[in-house]
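> Chain by chain, the residues:
Protein chains: 2
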Amino acid sequence: METKRLGRQTVQLGEGVSVVSFANIGGKLESQGPLADYFDELEQDSFFGAKTWEQGESAMQQRALQRALQKGGLSASDLDYVLAGDLLNQCIGTSFGLRSFEIPFYGLYGACSTMGESLALAAMLIDGGFARLAAAMTSSHYCTAERQYRMPVPYGNQRTPTQQWTATAAGCCILGKQGDGPYITHVTCGKIVDKGITDVNNMGAAMAPAAYDTLRALLRETHTKPSDYDLIVTGDLGALGHEIVVDFFAQDGIDMTKNYTDCGMLLYDLKGQDMHAGGSGCGCSAATLNGYLLQGMREQRWQRIVFAPTGALLSPTSSFQGESVPGICHAVVFSNTKGEA
Amino acid sequence: METKRLGRQTVQLGEGVSVVSFANIGGKLESQGPLADYFDELEQDSFFGAKTWEQGESAMQQRALQRALQKGGLSASDLDYVLAGDLLNQCIGTSFGLRSFEIPFYGLYGACSTMGESLALAAMLIDGGFARLAAAMTSSHYCTAERQYRMPVPYGNQRTPTQQWTATAAGCCILGKQGDGPYITHVTCGKIVDKGITDVNNMGAAMAPAAYDTLRALLRETHTKPSDYDLIVTGDLGALGHEIVVDFFAQDGIDMTKNYTDCGMLLYDLKGQDMHAGGSGCGCSAATLNGYLLQGMREQRWQRIVFAPTGALLSPTSSFQGESVPGICHAVVFSNTKGEA
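Chains as they are written, first to last, in the working numbering: chain A, 1 to 341; chain B, 1 to 341.
Keep in mind that the hints are not guaranteed to be accurate.
Put simply, identical chains are the same to the list, so a pair is met inside one copy or across any two.
[Unchecked claim] Here are the simulated SDA-like pairs of lysine to any residue, each with C-alpha atoms no more than 20 Å apart in a straight line:
hint : residue 1 : residue 2
1    : K271      : A250
2    : K71       : S18
3    : K51       : T198
4    : K4        : R132
5    : K4        : G129
6    : K28       : D45
Hints were generated in silico from the structure; no laboratory data involved.
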């Protein structure tokens, strides 16, 4: 078989990997943000009808998958795989959310890079002939993340200016061999990058070096430049992490100021909603992609975008033990034009 | 491209996916067990030279990967991907263990099924032409698992008879397009199966239905029967879970008593080492495969085996909230004969 590897990190896919359907769901703050019109469901109840926030996060994933199936005219039995994960310990948002669907399941942990990781693996499984239809999905929930990573929500902890707000949102993208696009043409797998940041209230700074590393690999191995894309979008670096990525590229003489943004800066009105550095969490990039971005591509607003969500691979335990915060970034190129055969 | 899908869950691989190298590492109790001779490294220090048990678990993964690379005459830069995960919250055993290697990384969470999941995905990435060499790896540590899932070790908690002992061990398997075998010929992806077991001290019973479900899918979709394999090995069901799987198949008129065993029954001397129902943890199946089982195949003790580790997809939070324990099982067929082209 002819190699599809353009370099160590980037794979070029054939013509057969298309977005078939996508859906997203958000909570109250997401319904008050600038992307509200791009959600399939907006729920004002932070429990999503369940008894606990964790069960609510599972319900979000259920509803996102159900809605993506419905929009694509599909049923759960049509899917060969679902690749998914979340931020909760042991990824219970995903495993409890998915258990009633009876779909073959590969569980992922990529922190907030999970939407990129799940799309990359699903796209390769389809391109390689191992699946006809596969779903990629993830979620995050402000209340489950706060009490797991930081403080119980009722404590009303003071937030630092560099801090971000974990989105209460989920997104699901169903990929298939047949479809009208957008198409996934390339995927770039990230390496773990750790520049020694130990401030757990500054995830943007911790993850920015990973975004720079993966985007640089993508541009190098595909022989492209930022202007070859209509939009380059990282996942949840927020305003500060975004600025760091722009600075890193500027040092290489590459201008990222024209068409580079971050889902954490898109999902909320940073000033109006008092979101400090911006949105974060797996659901931030998942909901932005599976709504605003993919819909925008279908409406021809953009022809070719790079979607590159980043994850911070820490746990409260690793931070308590004095460790720094490793980051990772997985990138996926979407195009309205089919890839090469 | 011709489909490689034999059914919804099982994929048949071409001739090109071979074990290139493998290595394992164990702790003190593993060094006292019946498989001691099949370890590459046995360490008496439960901290593995680090300051904390969690950092020790990362060190185990580092050493397992390093040893597998060394045994295969490879360096980290030869690997296109590493697919790995562990039981710790946010999989920090893996992310901190891998961060110095600079290998493109896809993080997985499959609980104790991770060795099967990582092998399955790595094998498909190689078969599909997306990678030349990829490592699959996981670990578990008795002390990190106890304090995360149950009680702090110094508390000296009483153990129920159905309980298992989390292995302090890691295993790494490097797969490639070129190699002298054993070869991976088939992979079967599991579904989440939840039969409502809520006893967190009886993981064997919680996971057995998932093992039965995946093994049944494998046999059905490959048109094989248990006697077509020299050995069928689940991951860490222990003695009780093993018995349940035998019973389930007996109800279907299928005899599993001849050649079916479980890594949790192999790794320790259950009575002599007072291990109650047997070994468990991601490291239990990973260390048994990447030592005793693969070495046994290379020595022609077995020609064809099914390796089917199971995972319990719970967290302490889900149990505190009254949830049952969903299970999953991913199966991989190893053969000394190459798969079909």
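> Now, for every hint given, state plainly whether the structure supports it.
Verification of the supplied hints:
1. Taking the shortest alpha-carbon separations for K271 and A250, neither the intra-copy value of 26 Å nor the inter-copy value of 65 Å comes in at or below 20 Å.
2. Proximity of K71 to S18 under the C-alpha cut-off of 20 Å is restricted to the intra-copy arrangement: shortest distance 15 Å within a copy versus 41 Å between copies.
3. Taking CA atoms no more than 20 Å apart as the test, K51 paired with T198 passes between copies only; the shortest distance there is 18 Å, against 35 Å inside one copy.
4. For the identical chains of this complex, K4 and R132 are neighbours both inside a copy (19 Å) and across copies (11 Å), given an alpha-carbon limit of 20 Å.
5. In this assembly of identical chains, K4 and G129 lie within 20 Å of each other by CA distance both inside one copy and across copies; the values are 14 Å within and 6 Å between.
6. With identical chains, the CA atoms of K28 and D45 are at most 20 Å apart within one copy only, with a shortest distance of 7 Å there and 50 Å across copies.
The structure fails hint 1 only (numbered hints given earlier).
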